[in-house]
Amino acid sequence: SVHRQVTFCKRRGGLMKKAYELSVLCDADVALIVFSGRGKLYELGTSNSNRIRSIRPILERYQKCSQTAKHINFSNGTSDEKKKQEINLLKQQIDQLKLTNRYLMGEGLGSVTFEELNQLECCLQKGINQVRSKKNEIMLEEIKTLQNKEHTLRMSNMMLQGKLDECTNGKGITSLLTHGFTTLLPNQHVPCGFDLSTHSLSSNVEM
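Quick note on the UniProt record's numbering: the sequence shown kicks off at 1 and runs consecutively.
Note that these hints are calculated values from the structure, not bench results. Think of the CB as a built atom: it goes at the ideal place given N, C-alpha and C, for glycine as much as any other residue. One or more hints might be untrue.
Result set (SDA-like, lysine to any residue): computed pairs, CA atoms no more than 25 angstroms apart in a straight line [stated by the list, open to error]:
#1 LYS10 / GLY45
#2 LYS126 / ASN148
#3 LYS144 / GLU116
#4 LYS10 / GLU21
#5 LYS91 / VAL112
#6 LYS126 / GLN147
#7 LYS64 / PHE35
#8 LYS134 / LYS91
#9 LYS126 / GLY108
#10 LYS40 / ARG11
#11 LYS91 / GLU116
#12 LYS40 / VAL30
#13 LYS18 / THR7
#14 LYS126 / GLN96
#15 LYS18 / LEU59
Ranges of calculated distance between the beta carbons of each label pair, as one might list FRET restraints [what the hints assert, rightly or not]:
#16 LYS17 / ARG38: 39 to 49 angstroms
#17 GLY14 / THR68: 31 to 41 angstroms
#18 LYS98 / ASN118: 17 to 27 angstroms
#19 GLU137 / LYS98: 41 to 51 angstroms
#20 LYS84 / GLN119: 51 to 61 angstroms
#21 SER54 / LYS17: 18 to 28 angstroms
#22 ASN157 / ARG102: 35 to 45 angstroms
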């Protein structure tokens, strides 16, 4: 017992010396607490100012840091629990949607009640009506587009027909001026003379 007490005193002195050196060399706040085998307390508190002081301020800082760490851990635990609840809720919603989709496809109806079947039928009928309404809307838009195209083509056709008529009338007038009346009327008798040198008629043409 005496040998242990001597060893304790030596080791305690060396430990406190190392703690003080750590504070001086590393500019750190160090707190050292040692209880002997008989329950006697030995403590050492050093600050970055290299002056020995009470251990209480360092312990207070330690308690504040510990409480902050506990609060952070508690917050993280609460956040994790909340995330788990959200995940479970999403899984339930997904399962319900899958089941509803099977019902809409006419599958798994063995355990469905009569009231649930009526509700399912109403939902299906509502969906069919919406699909038909959208289908009719698209068809009306396509018909309107085709009617507009038809009107455009009709107007273009009328313009082309007018130009064709103009070209046809122009050819008839050109033929009349080029070939003369004798060409147009080869069997008609022209009693009056026609002066080719002066390009004038001597009298009226008898038809």
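Quick rundown of the hints versus the structure:
{"no.": "1", "hint": "LYS10 / GLY45", "in the structure": "holds, 19 angstroms"}
{"no.": "2", "hint": "LYS126 / ASN148", "in the structure": "violated, 33 angstroms"}
{"no.": "3", "hint": "LYS144 / GLU116", "in the structure": "violated, 42 angstroms"}
{"no.": "4", "hint": "LYS10 / GLU21", "in the structure": "holds, 17 angstroms"}
{"no.": "5", "hint": "LYS91 / VAL112", "in the structure": "holds, 22 angstroms"}
{"no.": "6", "hint": "LYS126 / GLN147", "in the structure": "violated, 32 angstroms"}
{"no.": "7", "hint": "LYS64 / PHE35", "in the structure": "holds, 24 angstroms"}
{"no.": "8", "hint": "LYS134 / LYS91", "in the structure": "violated, 33 angstroms"}
{"no.": "9", "hint": "LYS126 / GLY108", "in the structure": "holds, 21 angstroms"}
{"no.": "10", "hint": "LYS40 / ARG11", "in the structure": "holds, 15 angstroms"}
{"no.": "11", "hint": "LYS91 / GLU116", "in the structure": "holds, 23 angstroms"}
{"no.": "12", "hint": "LYS40 / VAL30", "in the structure": "holds, 20 angstroms"}
{"no.": "13", "hint": "LYS18 / THR7", "in the structure": "holds, 16 angstroms"}
{"no.": "14", "hint": "LYS126 / GLN96", "in the structure": "holds, 20 angstroms"}
{"no.": "15", "hint": "LYS18 / LEU59", "in the structure": "holds, 19 angstroms"}
{"no.": "16", "hint": "LYS17 / ARG38: 39 to 49 angstroms", "in the structure": "violated, 22 angstroms"}
{"no.": "17", "hint": "GLY14 / THR68: 31 to 41 angstroms", "in the structure": "holds, 34 angstroms"}
{"no.": "18", "hint": "LYS98 / ASN118: 17 to 27 angstroms", "in the structure": "holds, 22 angstroms"}
{"no.": "19", "hint": "GLU137 / LYS98: 41 to 51 angstroms", "in the structure": "violated, 31 angstroms"}
{"no.": "20", "hint": "LYS84 / GLN119: 51 to 61 angstroms", "in the structure": "violated, 32 angstroms"}
{"no.": "21", "hint": "SER54 / LYS17: 18 to 28 angstroms", "in the structure": "holds, 19 angstroms"}
{"no.": "22", "hint": "ASN157 / ARG102: 35 to 45 angstroms", "in the structure": "violated, 57 angstroms"}
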